[in-house]
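Chemist: Note that the protein sequences, when read in sequence, are chains R and X. Going by the working numbering, the first sequence opens with residue 1226, and the numbers climb by one from there. Going by the working numbering, the second sequence opens with residue 46, and the numbers climb by one from there.
Misleading hints may appear alongside valid ones.
[What the hints assert, rightly or not] Mimicking DSS-like on lysine-lysine, the simulated pairs with C-alpha atoms at most 30 Å apart in a straight line are:
| hint | chain 1 | residue 1 | chain 2 | residue 2 |
| --- | --- | --- | --- | --- |
| 1 | X | LYS301 | R | LYS1347 |
| 2 | R | LYS1347 | X | LYS113 |
| 3 | R | LYS1347 | R | LYS1376 |
In case anyone wonders, no lab produced these hints; they're calculated from the structure. Here the structure is a predicted model, which means the values were calculated and not measured.
Here is what each chain is made of, one letter per residue.
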Amino acid sequence: MTAASPSEIMTIVASRLLSNGTICFVGIGIPSKAANLARLTHAPDLVLIYESGTIGARPEVFPLSIGDGELATTADTVVSTTEIFSYWLQGGRVAVGFLGAAQVDRFANLNSTVIGNYDSPKVRLPGAGGAPEIAALAAETFVIIEHDKRKLVEKVDFVTSAGFLDGGDSRQQRGIRNSGPSVIITDLCCFRPHAETKELTVTQLHPGVTREQVRNATGWSVKFADEIFETEPPTETELDTLRDLEHRTELAHRGSGA
Amino acid sequence: MSKYSPLADAIQTHISDGDCVALEGFTHLIPFAAGHEIIRQRIRDLTLVRMTPDLIYDQIIGMGCARKLIFSWGGNPGVGSLHRFRDAVENQYPNEIEIDERSHAAMAASYAAAASGLPFGLLRGFVGSDLLAHNPNLKSIDCPYTGERLATVPAIRPDVAIIHAQQADRVGNVHLWGIVGVQKEIALAAKRVIVTVEEIVDKLDAPPNACVIPAWVVTAISHVPRGAKPSYAHGYYERDNEFYRSWDAISRSRDKFSAWMNQHIMRESFETLHGEPML
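Bound conformation, chain X alone (with noise of 0.2 Å):
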């Protein structure tokens, strides 16, 4: 059977009220698409975990659809704040939101683990940081062998994990390049994985090393191309910056936020708003 389906159709079948939902991207290659895709759904209650929240976070937590966040730094790079973001931690606008947080090791460590099958992720990290104090799942032991007092996180295993990629081929592998951050990790510490892709080929022209992600590990995959606006996917277009930039004004006040993403999420597609793929 293809793995292949539209987009909202991979969303509506995977991905329920109160899900622990990571949608991953250093940077780079970030599911914007399937993220608004969750926000036009209307899903509810959402763990939401990833390294780095930026903007399509800021939107699905301040469009109500989240009641918790994973993260290690949540703001708008090169930028500022998350201000929806912020409202919600510092006002509980539109909700209250609980926070697990981390720093990037310790959630590359909790992804890692899972990953693996292992209960915890294991490094040397956060000593001396008030983290430990705040954050009751951060926690140590002592090393079997040294004896050294080492830092631990749990797991997270995420019931789904989203990625975007450059490309798949006609079964469903998936193949992505330039900065792979955790990708790989989180769709093998997932229970599911929807994968968005820029295009799809006949045959992969992956070297022997390449992040190559098998379509046996992929549950669903949709052909979404610009998936990763206004973020970027390298060799097919750039990272615009000057939405990032734009992104400030438009989310600091809730109205304008409201009518921005009525605007442009709910009723019509960003990604056509966006234009064409700058090769």
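So that you can see chain R by itself, here it is in the shape it has in the complex (with noise of 0.2 Å):
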């Protein structure tokens, strides 16, 4: 077997981090990837909700969009949109919510709107979705992002939702509820936020990882924690299943209609 990219190692560590039973709202992309991953593996009784309503989703494939039909064949129930938000997320059954997005800065703040000013942006992004919600109704949050000086900045262009907005206790002092983001999953590291300055910290590094590395491809000055962990590597188990959803995946999106 080929040795794990970083790009799936980012994808086995966030699963990792999924324990069974937990009731994860999942984001379409690698959130998706990585829990899925995390129920065909150590966490078989993990509840999948996603904002096209369904909930308790076992897709045999990734979904390609966060309404593929594959979600609701597999789901527990499928409920409207405006029932997952309101029943659902708001009604605090949600332990984790499980975010991607184009910008997350050094108080874990993300942005997926734009990139330059708002009124006249260099690239408009997709928008809000789901997420400005499940990061402040979620108990906690998951972050998943490629590392990259692009994506990981000191201050994002614009909140979309909010992480700990100027640090300190300034999210629970404008009134949010839950703890927020508890870590920040690259291709690189973990980040988890300080206890008191709520920066982002890198407390692990995936296996050959060096500091230098993740200075460079951070975009501000980046701190890292007294003990730091490195991460264990990716098992067989793991990174066959992994493989084996992928090819599934390519060969169902392949080909017309499919």
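Each of the two chains sits in its own frame; use the hints to bring them together as a complex.
Modeler: Here it is, written out as structure tokens:
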């Protein structure tokens, strides 16, 4: 078997953070990949909720869109979009909100709206979707993003979803009740917020990754925790399961109408 | 009087320049055929409403039919950007487009409020988000019972809602299933409702709690098999993911987009191009 790629390691590390039985509100893309990998390895009773209203989805292949038929067919129940956000998310049923973003900043604020100025943007991104409420209403959030200077920035161009805002207790001051982002998983490392300042701090490095690499790929002067864990390398089961899923997905999505 | 009419007649009769129109569908049952008919009839100055504007809104915007968009997520799901939408926002091409941007939860609350006859929707939403500073429609209110500050969004009551469903009976009662999104909410929020359906059946085999929209809520209905392609109709055909991927290249260039629209939408039926439904 070929060695795990940085992107595979990122997905596997994220999957390990989801414990069995957790109720997880999942974003499409890498969060959905990691969550399904967890479900097929150590967390068979992980409950996946997608904003398309599918509760308890168990897709055989990765969905391309958040509303693929696969999610509805394999779900325990399918509810309206209105209901998923009101009763289930706002009602406090979700333990982990699992999000991606175009940019994350030093205080874990997320941007998926614009690069540049809002009124005359350099790049108009798709927008908020369900993220602002997922970030504010799930008990905690996990964020997954590729490690790149343009993505991990000192300050996001636009706060789509509040992280720790300006740091310290500014999140609580604004009246947000949950604890917020507890971990940012990248293809190089994991950041966790500092207990007081809430600045994202490197707490874990993936196998073979140096501090220098992380510094060079981060858009702010990055701090490292006193104690840094080294990520356990992917197991054969994790890597096999992930690759098998990718393979099945490719076959299923290939060809017209698939 | 029968509510059934050809789609072109339904669009012509019930949609005018300047209307506020919502073609809803959360990835599933997106009323593409109806959107194409709007483009063919060159209806202008529309305010488009949708939680997840995707390819059909990219086409309507790119063809210059819209002046405003109320939305929460505008992308090509699983693929990336909507290039015609971006061109309109970033470069005012083919025309300037005003945006009223909310979150999914806020859009759903806006629809539910209109369907319930209320002026605004209430949610615990977008605290700390910069959306608040950029959208004057997003406001807040103090709860009269607890004093908690809660977010409010104005109700959205479109002139016309358009939805696609799997089945309708001969009277025009409509049955949809699978990912039902906000279709019931938007149908009850709008002043007029146009429905396209895959199949007309003698009797709806709908369980008691099914998502059924009674004929008396529906203004006009058209039989349009494959009317949701390239999205999907649960139980009838699957999502054409390849087409969603290929749209990225078609829509990146203004010329390529125009040529594609002229060939496939203005001159011939996209639904014919897409062939027989896959059962």
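Chemist: Indicate, hint by hint, whether the structure satisfies it.
Modeler: Quick rundown of the hints versus the structure:
1. LYS301(X) / LYS1347(R): Judged against 30 Å, a Cα distance of about 23 Å means the pair holds.
2. LYS1347(R) / LYS113(X): Given that 30 Å is the threshold and the Cα spacing comes to 20 Å, the pair holds.
3. LYS1347(R) / LYS1376(R): 15 Å, holds
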